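Asker: The chain contents come next:
Number of protein chains: 6
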Amino acid sequence: MRLHLSTWPDIEAYLQKSKTIVIPIGSTEQHGPNGLVGTDALCPEIIAEAAAKQRTFLIGPTFSVGVAQHHLGFPGSMTLRPTTVIATMKDWTDSLTRHGFERIFWLNGHGGNTATIQAAFAEIYAERSLRQAGHNENMDLRLKAVNWWELPGVMSVCTQQFPSGDGMHATASEVAVTYAAYPDQVRNVEMSPRIAPVGRFRDADHYRKTFPDGRIGSDPSQATPEKGQIIIDAAAKSLCHQLDLFEGETE
Amino acid sequence: MRLHLSTWPDIEAYLQKSKTIVIPIGSTEQHGPNGLVGTDALCPEIIAEAAAKQRTFLIGPTFSVGVAQHHLGFPGSMTLRPTTVIATMKDWTDSLTRHGFERIFWLNGHGGNTATIQAAFAEIYAERSLRQAGHNENMDLRLKAVNWWELPGVMSVCTQQFPSGDGMHATASEVAVTYAAYPDQVRNVEMSPRIAPVGRFRDADHYRKTFPDGRIGSDPSQATPEKGQIIIDAAAKSLCHQLDLFEGETE
Amino acid sequence: MRLHLSTWPDIEAYLQKSKTIVIPIGSTEQHGPNGLVGTDALCPEIIAEAAAKQRTFLIGPTFSVGVAQHHLGFPGSMTLRPTTVIATMKDWTDSLTRHGFERIFWLNGHGGNTATIQAAFAEIYAERSLRQAGHNENMDLRLKAVNWWELPGVMSVCTQQFPSGDGMHATASEVAVTYAAYPDQVRNVEMSPRIAPVGRFRDADHYRKTFPDGRIGSDPSQATPEKGQIIIDAAAKSLCHQLDLFEGETE
Amino acid sequence: MRLHLSTWPDIEAYLQKSKTIVIPIGSTEQHGPNGLVGTDALCPEIIAEAAAKQRTFLIGPTFSVGVAQHHLGFPGSMTLRPTTVIATMKDWTDSLTRHGFERIFWLNGHGGNTATIQAAFAEIYAERSLRQAGHNENMDLRLKAVNWWELPGVMSVCTQQFPSGDGMHATASEVAVTYAAYPDQVRNVEMSPRIAPVGRFRDADHYRKTFPDGRIGSDPSQATPEKGQIIIDAAAKSLCHQLDLFEGETE
Amino acid sequence: MRLHLSTWPDIEAYLQKSKTIVIPIGSTEQHGPNGLVGTDALCPEIIAEAAAKQRTFLIGPTFSVGVAQHHLGFPGSMTLRPTTVIATMKDWTDSLTRHGFERIFWLNGHGGNTATIQAAFAEIYAERSLRQAGHNENMDLRLKAVNWWELPGVMSVCTQQFPSGDGMHATASEVAVTYAAYPDQVRNVEMSPRIAPVGRFRDADHYRKTFPDGRIGSDPSQATPEKGQIIIDAAAKSLCHQLDLFEGETE
Amino acid sequence: MRLHLSTWPDIEAYLQKSKTIVIPIGSTEQHGPNGLVGTDALCPEIIAEAAAKQRTFLIGPTFSVGVAQHHLGFPGSMTLRPTTVIATMKDWTDSLTRHGFERIFWLNGHGGNTATIQAAFAEIYAERSLRQAGHNENMDLRLKAVNWWELPGVMSVCTQQFPSGDGMHATASEVAVTYAAYPDQVRNVEMSPRIAPVGRFRDADHYRKTFPDGRIGSDPSQATPEKGQIIIDAAAKSLCHQLDLFEGETE
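Protein chains in written order, with the UniProt record's numbering: chain A, 1 to 251; chain Y, 1 to 251; chain P, 1 to 251; chain C, 1 to 251; chain S, 1 to 251; chain E, 1 to 251.
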């Protein structure tokens, strides 16, 4: 059930049964020679939609531009400043809690977002924590973020598919996930070197100099729609289980 | 050509030929009893994609949550504070100009965004205008926003389809456009009254009191996928022509 | 009745009878070869004061520097960034509602402010709309903005005075209004070309290149104090009527 | 010479001879039983205009709402948050330096603004100080703020006029200055007690409780237009001399 | 009693007896040829700790980087923008009032902080003053800032120790205070000229040009640990008395 | 070598040899029944100072209040909003790079800061990454953050000292480190239960309810100055080595 494809009476009815919403959050950034710029936004979206076929839950709009300053050396990459991400996540959360959503599950597709998401959580909770007794709305807000590849059981499936060269950026797994969903976007590009170098990065110029074609540690030429589908299936199943646990939390 | 479905070498190649990008911008808000919460984001996305079949241009990520504070009385509506929109549009623009994009066309699907988009343009231009001679990057930045229903020739097509009750919010036209793209989302809901009241609004409580089912001046039960397709075709064609003009601008 | 020329007991008494205040808002920017830099702030101030001779209402301080980044190519022009305007309007509104003012009428003299004023309204309303039930002060806040030349009946008077060359910036009408109030500031400047070019503008450098003497579409050499007075009279009368309607609003 | 009553060619010509501008800055706040809400904005404006009859210099727009949170217990008082003042002063300064103004003289009428004006100066200078060598525009910016009653020689004139009960807020002197400029606004109000209490204040509720009619230490019933004119004359003369010194500064 | 060296049960117990906390606030900036970069943070810390041996009160964390943009021409100087200071002081205050602290005494060691501290106070109070009746927490917040050298009786002791050349920046007194606490940091540096020039300053480049070794009006080569101790003793005693008065305030 | 205990000529000389600075960053928050509120700020400070006895490097001021909203249910805890941390870290970095510091090593003592520190890094780098070619200062800025207990080799020493009950918050190790430095602050408190519960937390109310005495998973009654010193020694040695590597980095 997607918020964008629902009517407000649909949501009113949904809130009678659940106070949970899943928000795919990703990035718009280069993903190497054969990966899509939208990969990090597409993956959580694809996985959430696959899961929603197995279990009823609401999927909010995709947060599609994240923290990607280090990728700006490659055309098409876009970034928000982290403070803009925090402001935006705060507005989204304020909107959702207004309606009674109390459990917001951010399914993340971009490692570079992780820190800022946690900072945003602290910013949001701080407004509550700084208030004196009696000045809080009577609401039990729970914010949770999970990187899709860290959903229990998923990483082992990825490794099974790509025993070598799955990598850290423009991974074979994430490219495969997008290929499964957009099979007409499959590109055959020879990687050189086959497995990209690994290392750390700072700003955009440094990143581009260190990782000339954008990949880190990966050989995404291994990606196929078939392998992607296997990963999607595993991730969707795991997400459903995580949502069961999240909705069931009592403490 | 969608940014999210392109690789960075694709964008590098594109920039050799064009410095233009189209960004669909909308809202996540109630659209009456039979309209989708995502309507305002979906419409410009749908129209841009239709146009992209006729003419080569790049479509950026959809800016999907806009200024919709007045809709918050209805479950599922989300808003950004206008200052958050400005910060976000500034970051997006800064990212795009970094790569050499000089002409950014915001195809807007939500009347409530219009003022804030223009304010954001002024904020962005102000950074350039406040600099002294010699302190600007050598770039001719052009920001343009058009509401899709105000693309030349489109409104008359809408009126032709819905001579009465097209309305101002949850319009028959916009609901029809989404129905054309998502035919499985067509809802048959009897409207009562058939045509919703018109009027002004202030904050969320006032809006809900004044427009109890969310519509303003419309009878969207008239919407059909067929009528929606006619509108999409007209809008896509008009958008292509507007982009020709925008890319051809020399002054 | 001007706030700046009242005592606090005067305002205390006024609030017993009315919760309305009119705030002239304008700009500090070039107005062509014979127009005053303060034109856009002076016009709403002049019109409000003329109206206040006919009808009791309170005039707040003039908001005199607005969104004028595009005029910065001409000496003396000043701008606020739109986000600064929003912060300021929010502080002014917060101050006024503290005292019980519920209806704030912004009489605007600068087209370039329009979008940002509306964005500020949305920002202010959003604070209320995002709160959950029971967390709002019990107040019915109404924000309204009208460009003085769009007060009902005024534009036709302007056109009558200046059938050709009234224009879009540094208009004959607005220059005439200031000449009526400041007759010692009348300048006789020959315009070349007589009627300035029309067109769009982006940042300050582009504006100055496109409109070399600052005017857009106007021949303000036609302005005289007499014609200005006719416009002031019409606008003042219309403003009074608009205030009757605004104060009488019940929904 | 007032910016608002000048044309841009006037300012262009002025800048050939001087890079100095005087900005009256005040507040909109209660001034006791017989003082005007605009007193603190009017006084520097009145004094600057009187001085401009003796010496050529440019007067910018009046910054009319300042830091007055402590007065909000009295109807009609308005405040900016200090951070809004800083943002605004920064935008004004950025605009003026764009044109080549290098010496900005803030003539202040409100003690409550002093700290925030200095904070704003530090904020503005910080942008320059934090830049590395070679990254500053080649400009020698000088910001100066003077409270009008601290212009050399003025306080002794005030004390001469009002040997007792001049006070700290709603002073006899400042009320007299406004009475001289607006003689039709003279109010005869008996003060009780004749001289108001003195003390410190915190927020608005505390201020109102401590100073029930708004005055601090003053008996402004002594104010007359005649005494006000004497003060204006002294202040205007002193301001001219200060401007000679400011323009003559070489270090 | 130092917050950093207390446990939370200690603080819980303290709050039963007192709602007062002292916060040393200073700066990280050059202090001439023989003064420590931390001088302005160290002095209030040293004095507060000395006082805490005579009287029970709580010392909060030291606010160690302040407004020092003008010192950035000298290596090691650090600054916050004033708006960052305001945000930080607001967060600290919000945290402390959460626990019931109502009287916050900022013991300041840097003249350049004074204005911004007062601006921060106004920003903090403004949040309370702008709220309507019934929307404030029931708390009597009192913010107070005192420069340590302006504690009653201290300046005369400083003058006694250094009859000439105490100065305005990198004063003999403040250097002596740090030497008393850190006797192994005593430096013997010959000053040239013996007493530094006096004057005003603007940004960092201007400051360095005007005051080549960083001092203003001082000869800190006179500083000794012994003289510093005399000043510390006087300041500590005075601080204790000020805290008695502050805690005893009832209005 | 501590910045606060250095003169500016000392720093000028230091910069001839090294462009590295270490900044201890921590928090001011409850640390259970026997831990100090300052623990997280004290630990990195203590370790850095111990390391500085073995290797020459500069220690900047301690960043002592961090992200601790979740601890606000316990008296004495203080927090910055994450956006305030980001603004502050940006100002500190801007100040340091002004002088030529290019390698800033943040030695962190509080897990709750980790995400916000990384977000701040991205915010700082983004300013560089968003600039077009030729608009960056010619500087190779490197920001690095390490939690002291994650310095290579340290955790195994901690585990050796406290095979059970070291825990996650108010750990035996961190309490021991502070006891080693402040042996007069050792408290004998019986823990009940001996080992605190583990789990996740959200806002302050939730934290206090879940972890009633503030500890998570720890038995800090095991802490002794002797064990603390062993940890300090290991951490100091490891820090020196890390600094060797950091200074030696060439890519």
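I should point out that these hints are in silico values taken from the structure, not numbers from a laboratory. Check the hints yourself; a few may be wrong.
Since the list gives no way to pick one copy over another, a pair counts as held whenever it fits inside one copy or between any two copies.
Claimed, not checked - Here are the simulated lysine-lysine pairs, DSBU-like style, with alpha carbons at most 35 Å apart:
(1) K90 to K53
(2) K144 to K90
(3) K209 to K17
(4) K237 to K209
Bear in mind that the values here come from a model prediction, so they are computed numbers and not experimental data.
Asker: For every hint, state whether the structure bears it out.
Answerer: Tested hints:
For the homomeric pair K90 and K53, the shortest alpha-carbon distance inside one copy (29 Å) is at most 35 Å, but the shortest distance between copies (37 Å) is not. For a Cα distance limit of 35 Å, the shortest separation of K144 from K90 qualifies both inside one copy, at 14 Å, and across copies, at 27 Å. Only between protomers do K209 and K17 lie at most 35 Å apart by alpha-carbon distance; the minimum there is 25 Å, versus 52 Å within a single protomer. For a Cα distance limit of 35 Å, the shortest separation of K237 from K209 across copies, 33 Å, qualifies, whereas the shortest one inside one copy, 39 Å, does not.
The structure is consistent with each of the numbered hints, conforming to all of them.
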